[in-house]
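A.B. asks: Top line first, the protein sequences correspond to chains A and B. Sequential numbering of the first sequence, starting at 1, is according to the UniProt record's numbering. Sequential numbering of the second sequence, starting at 1, is according to the UniProt record's numbering.
Watch out, some of these pointers could steer you wrong.
[Unchecked claim] Ranges between beta-carbon positions, derived for each pair:
1. Q49/A with S211/B: 20 to 26 Å
2. G33/A with E213/B: 22 to 28 Å
3. Q49/A with Y63/B: 26 to 32 Å
4. S2/A with A29/B: 46 to 52 Å
5. Q49/A with R99/B: 41 to 47 Å
[Said to hold, decoys possible] Facing chain B, a subset of chain A residues (Cβ under 8 Å, in silico):
6. A11
7. E14
8. E28
9. L29
10. P40
11. L41
12. I42
13. D90
14. A94
15. A97
16. K98
17. E100
18. A101
19. A104
20. L105
21. N137
Since the hints were derived computationally from the structure, they do not count as laboratory data. For glycine and all other residues, C-beta sits at the position ideal for the given N, C-alpha and C.
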Amino acid sequence: MSTIRCDIVSAEEEIFHGNVQMVVAAGELGELGIAPRHAPLITRLKPGQVRVILENGDEQFFYVSGGILEVQPQVVTVLADTAIRAKDLDEAAARKAKEEAERALANRTDAIEVAQAQAELAQALAQLQALERLRKNLKH
Amino acid sequence: MAGGREIKTKIKSVQNTRKVTRALEMVSASKIRKAQDLMKASRPYARLMRQVIGHIAKANTEYKHPFLVARKDVKRVGYIVVSTDRGLCGGLNSNLFRRLLGEIREWQERGVEIDVVAIGSKASAFFKRLKVNLVGTATHLGEKPQVAALVGVIKVMLDAYTEGRIDQLKLGYSDFVNTMTQKPTIDVLLPLPPSQDLSTTHDWDYIYEPSPETVLDHVLTRYIESLVYQATLENLASEHAARMVAMKSASDNATKAIETLSLIYNKARQAAITQEISEIVGGAAAV
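Extracted from the complex, chain A is given alone in its bound form (with noise of 0.2 Å):
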C-alpha cells in the first residue's frame, strides 16, 4: 500500500505528522479524498473533520474551523485555522479594533493611565507616611 506524507498543523500547534494512506477532509466544494499520487491541487477548508487513514489502517480524527488543505506530489499539507473565520467575523473583529483605537484616543483616562495614576499615588503616599513619621520622630 502506498503512502504520503502528511502534516496538520495551525498556527498556534504543530497537529499531527506522518505518512498517511489517505487524507478525507471538507473542502469548500465538497468533500474531498486525497490518495497518493493526486494531481496538485489547492483549496479552501471548511470548518469540520479531516480523518487521516494511517498506515496501518487506524483512522485518526481532527476538527479544523477552516483553513487550507494543499496536495504536491509527495506530500499533503494542512493549514488549519484556530478559530472560526468568516468573512463578517473578522469584519466585526476589525471595527472592534478600530473602536478600541478610538476608544483610547478620546478616553484621556483609559486603563493604563488609572494603573499609572494609582501607582504615582501610592508612592506619594509612602512618602508623605514617611515625611510625617520623620517630623513626629524629630519632635520628640
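Since the structure of chain A is provided, determine the placement of chain B on it from the hints.
C.D. replies: Then chain B, alone, in the frame of chain A:
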C-alpha cells in the same frame, strides 16, 4: 539616637521592594520558558506556509495578487507595532519606539503620512500621545496570545492596503535573540518581498478550489497573520527576558542599598552608645 528608627524603616521598605523584585524576576524566568515553547510550537505553521507560498509562486498562475506587487510612489505607510502590556521591563519598549520614531520622522520629512495599529497597551499609550493616526489597537493579550485576538488589527491594515489607503505595511517588534539580548526589529510585511526561486516557473498549475483569487487571498492573509502572531510571541519572550534582567539588577541595587543603610544604621547606633557612655561617665565624675 537620632535617625535610627528612620533608617530602620527605610531598610525595611527596601527589603520589601527587594522581595517584590525577586519574585518578579523568578516569575519572568519561568515565563520565558513557556513563551519560548509557544514560539517553537508556532514555527511549523510558518515554515509550511512559506513552502506553500513558494509552490504557488512556482506554479503557472496568471493572477497577480496585489500583496505581491510593489507600488511606485508611497504616500502613506502603515505600521503594526507590537509592544508589551505591562511595564517594568527595562528599555524594551522605549528602544523599539525610538527606532520606529526615527523611521516615522524620516517618512514625515518626505511628506509621507503614517498609520499605526498598536498591539499591547504600551504602544497604544505611546502612539496616542504622539498624535499619529492610530487606526486600531489590541491590548491585554495575556500569557498565551491567540491568533483570534490579532485578526481585527491585521484586517484593518490589510483592508487599507487593498483599498490603496496605505502603500506599504511594516511590522515593528522586539526580536528575542537570547535572554540577554532583544533586538528592536522592523520588517516589511507588504508588499511581500519576492522569494528567491521565482525564476523557475514550472509548466504545471494547481487545481484551485474555488478559484486562484480566493485561494491566494486566503493564503496570503493567513501568512501575514502568522507573521504578526510570531512577532507577538517573540515580543512576549523578549518582555519576560527583559523584565527578568531589569528585576535582577533592581534586586542587586536593593541589596547594595540595604548594605549601605545598615552601615549607616550601625554607625548611628554606635555613636549613640558612645555618647550615652560618655554622658554617664561625665555624670559619675560630676557626682
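A.B. asks: Each hint needs a verdict: does it hold in this structure or not?
C.D. replies: Against the structure, the hints:
1. The beta-carbon spacing between Q49/A and S211/B, approximately 25 Å, falls within the hinted interval of 20 to 26 Å.
2. One distance hint, 22 to 28 Å for the beta-carbon pair G33/A and E213/B, holds here, with the actual separation near 26 Å.
3. Taken as a hint, the range 26 to 32 Å holds for the pair Q49/A and Y63/B, whose Cβ atoms sit roughly 31 Å apart.
4. Under the hint 46 to 52 Å, the C-beta atoms of S2/A and A29/B, about 49 Å apart, fit the expected range.
5. One distance hint, 41 to 47 Å for the beta-carbon pair Q49/A and R99/B, holds here, with the actual separation near 46 Å.
6. A distance limit of 8 Å between C-beta atoms decides the matter here; for A11/A the minimum to chain B is near 5 Å, and the interface restraint holds.
7. The closest approach between the C-beta of E14/A and any C-beta of chain B is roughly 4 Å, which is under the 8 Å cut-off, so the hint is satisfied.
8. Because the closest C-beta pair between E28/A and chain B is about 6 Å apart, less than 8 Å, the hint holds.
9. The beta carbon of L29/A is positioned within 8 Å of a beta carbon in chain B (closest approach about 5 Å), and the interface hint is therefore held.
10. The interface hint given for P40/A holds, since its Cβ lies 5 Å from the closest Cβ of chain B, which is under the 8 Å cut-off.
11. A cut of 8 Å between beta carbons decides the hint on L41/A: the least distance to chain B is about 4 Å, and the hint holds.
12. Interface hint status for I42/A: upheld, as the beta-carbon distance to the closest one in chain B is roughly 5 Å, under 8 Å.
13. A hinted interface residue such as D90/A counts as satisfied when its beta carbon comes closer than 8 Å to some beta carbon of chain B; here the least separation is about 5 Å, so the hint holds.
14. The criterion of a C-beta within 8 Å of any C-beta in chain B is met by A94/A, whose closest approach is roughly 4 Å, and the hint holds.
15. Because the smallest distance between the Cβ of A97/A and any Cβ of chain B comes to about 4 Å, under 8 Å, the interface hint for this residue holds.
16. Here the hint on K98/A is kept, as its CB sits about 5 Å from the closest CB of chain B, short of 8 Å.
17. Below 8 Å, beta-carbon pairs count as interface contacts, and E100/A has one with chain B at about 5 Å; its hint therefore holds.
18. Contact between A101/A and chain B, as hinted, is supported at the beta carbon level, the nearest pair being about 5 Å apart and thus within 8 Å.
19. Interface restraint check: A104/A against chain B, minimum CB-CB distance 5 Å, threshold 8 Å, status holds.
20. Interface restraint check for L105/A: the shortest CB-CB distance to chain B comes to about 6 Å, inside 8 Å, so the restraint holds.
21. Residue-level restraint check for N137/A holds (minimum Cβ-Cβ distance to chain B is 6 Å; threshold 8 Å).
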